[in-house]
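This is what each chain is made of:
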Amino acid sequence: MQYMLLIYVDPQTYAGVTEEQLQTEMAEYYAFGPSLRERGIEVSGEGLQGIETATTLRVRDGQALITDGPFAETKEHLGGFYLIDVANLDEAIEVARRIPDVRRGSVEIRPVMVYN
Amino acid sequence: MPATSDAIERALREDTGRVLAILIAAFGDIDLAEDALQEALLVAVERWPAGGLPDNPAAWLVTVARRKAFDRLRRDRTLAEKMPLLADLATDPFDDPAAMDDTPIPDERLKLVFTCCHPALALEARVALTLRLLGGLDTAEIARAFLVATPAMNQRLTRAKAKIRAAGIPYEVPPLTAVPERLDGVLHVLYLIFNEGYAATSGDAHIRADLCAEALRLAATLVDLLDARPELGPQPEAMGLLALLRLHDSRRAARLDAAGDIILLEDQDRRLWNRAAIDAGLSLLDRALALRRPGPYQIQAAIAALHARAATAADTDWQQIAALYDALRRVAPTPVVELNRAVAVGMARGPLAGLAQLQRPELAAALDGYHWYHAAVADFLRRAGYRPEARAAYVRALSLCDNRAEQIFLARRIAETS
Chain A
1 MQYMLLIYVD PQTYAGVTEE QLQTEMAEYY AFGPSLRERG IEVSGEGLQG
51 IETATTLRVR DGQALITDGP FAETKEHLGG FYLIDVANLD EAIEVARRIP
101 DVRRGSVEIR PVMVYN
Chain B
1 MPATSDAIER ALREDTGRVL AILIAAFGDI DLAEDALQEA LLVAVERWPA
51 GGLPDNPAAW LVTVARRKAF DRLRRDRTLA EKMPLLADLA TDPFDDPAAM
101 DDTPIPDERL KLVFTCCHPA LALEARVALT LRLLGGLDTA EIARAFLVAT
151 PAMNQRLTRA KAKIRAAGIP YEVPPLTAVP ERLDGVLHVL YLIFNEGYAA
201 TSGDAHIRAD LCAEALRLAA TLVDLLDARP ELGPQPEAMG LLALLRLHDS
251 RRAARLDAAG DIILLEDQDR RLWNRAAIDA GLSLLDRALA LRRPGPYQIQ
301 AAIAALHARA ATAADTDWQQ IAALYDALRR VAPTPVVELN RAVAVGMARG
351 PLAGLAQLQR PELAAALDGY HWYHAAVADF LRRAGYRPEA RAAYVRALSL
401 CDNRAEQIFL ARRIAETS
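Those protein sequences? They're chains A and B, same order as listed. Numbering of the first sequence is given in my numbering, commencing with residue 1 and proceeding in unit increments. Numbering of the second sequence is given in my numbering, commencing with residue 1 and proceeding in unit increments.
The hints are simulated quantities; they were obtained by calculation from the structure and are not laboratory data. The beta-carbon is built from N, C-alpha and C at its ideal position, and this holds for glycine as well. Some hints here could point you the wrong way.
Claimed, not checked - Capping the alpha-carbon separation at 20 Å, the derived lysine to any residue pairs in SDA-like fashion look like this:
hint, chain 1, residue 1, chain 2, residue 2
1, B, K163, A, V114
2, B, K111, A, V114
3, B, K163, A, A87
Said to hold, decoys possible - Below, a sample of chain A positions facing chain B; criterion: calculated Cβ distance under 8 Å:
hint, residue
4, N88
5, L89
6, D90
7, V107
8, P111
Claimed, not checked - Derived DEER-like restraints, expressed as beta-carbon distance ranges:
hint, chain 1, residue 1, chain 2, residue 2, range
9, A, A54, B, G369, 39 to 45 Å
10, B, A415, A, R97, 52 to 58 Å
11, A, S44, B, R13, 39 to 45 Å
12, B, A149, A, S44, 41 to 47 Å
13, A, M26, B, A149, 32 to 38 Å
14, A, L22, B, D224, 37 to 43 Å
15, A, S44, B, P230, 39 to 45 Å
16, A, E76, B, G185, 41 to 47 Å
17, B, D71, A, Y115, 25 to 31 Å
18, B, E181, A, Y115, 46 to 52 Å
19, B, G260, A, P70, 55 to 61 Å
20, A, P34, B, E181, 23 to 29 Å
My request is simple: use the sequences and hints to build the entire structure.
See below:
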């Protein structure tokens, strides 16, 4: 089954994090991606730029409405994702558990829709 | 040899839980497994009275249910997607009727326990699923036990099963490293089921007692299943929970008077306590404690054990109980544990010591809306001779209480302190 692991983090929680801690975390991420590829379970995965770069689009009655910012103002922002292919939810949880930011924010695990 | 209806009923009660677990694990589909089992049970009820019980009723039921599932899938228009399952069913190891009777069937219930109690399901869904799939209660019975309308309970179960399917919640014992954590969740569900039957005296009393019995049976099954899997390592908390439930349940006959009103522990007729249940609980607790990995259920069982060992209420070792609550609050720091600890301190050192603990501002704030908190305060005030203050606290407790038996108890105390 494919699962989307959506990583949500409150940017406020980065306040007070030292440069050294950030480096350690980045190193964890650099090791994490390849570890998924080695196991052959990663479909894709990316980090996203901050919400200050976000643009939201809605089309109503054929009219495009383009606004600055994310689709909803929440404390935790979508910061990145991994799309993985594993046997079941427990395996997906096991993978999500090792995403460095899960200790600071949350990871939402969503099974991907299967179309026949 | 024709089978009596008693023998048939016993066989069905003992076997359906195991059979359902096997079918669910084999099909990976709860609804298909439930329907197939239902059809197999109909065949059993039709054939067994005249034809006699098969030597291995569980294996018989598995075989018939698999054939029924096979028939159903063959008719099903979604046949194509289920091809792998169909192929699996076609190579049924129980297909040879001669081999069937001496093939021991595997016990798959431990897998199902972890599925039903999966933390990705809402707590109330876990409780309902566990009672339905492992306890064998029907939807209407579960609905009555939780004072919910049957259609609402049905919807809760349907949603839970849909999430299991859609989210890919597995039918597996979790990996070794995850077992202790996930087992905690399982124990919590069983504890809730027992408490629902034990604490609340509203609703259908008969069904409530059934919930206690069901929680006990499930906890005992869980301990047996874990014993059968030594590679998972000993699980003292599972034993601790079973010991705790046995010790609580041993007092059932003494807890309510003829009118159904509550009798407090200190006023209970201890001759009504079930000695066999106490002995079973105590020896299980000893086994758990010997493993030297204490946890909240073992500590609570140790507290219950001290009550069980006291010949009279006056013999209760409250010092030791207060010390155990100290240990409990280190591993489970909740306001209710603090409340119980304060009560134990008061019983050990006198009502004023208890009041001092209860009236700590943070505890008073946390439990202001909880009727048992005010009842405990009232009780120490009464023991210390402050009757008007005690009465006021009982009145406050009554105003927060919505359980009938407890309301009657509090009203009686108010009358006594007036």
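Could you work out which of the previously given hints the structure breaks and list their numbers from low to high? As far as the earlier hints go, 2, 7, 11, 13, 14, 16 and 18 are violated by this structure, in ascending order.
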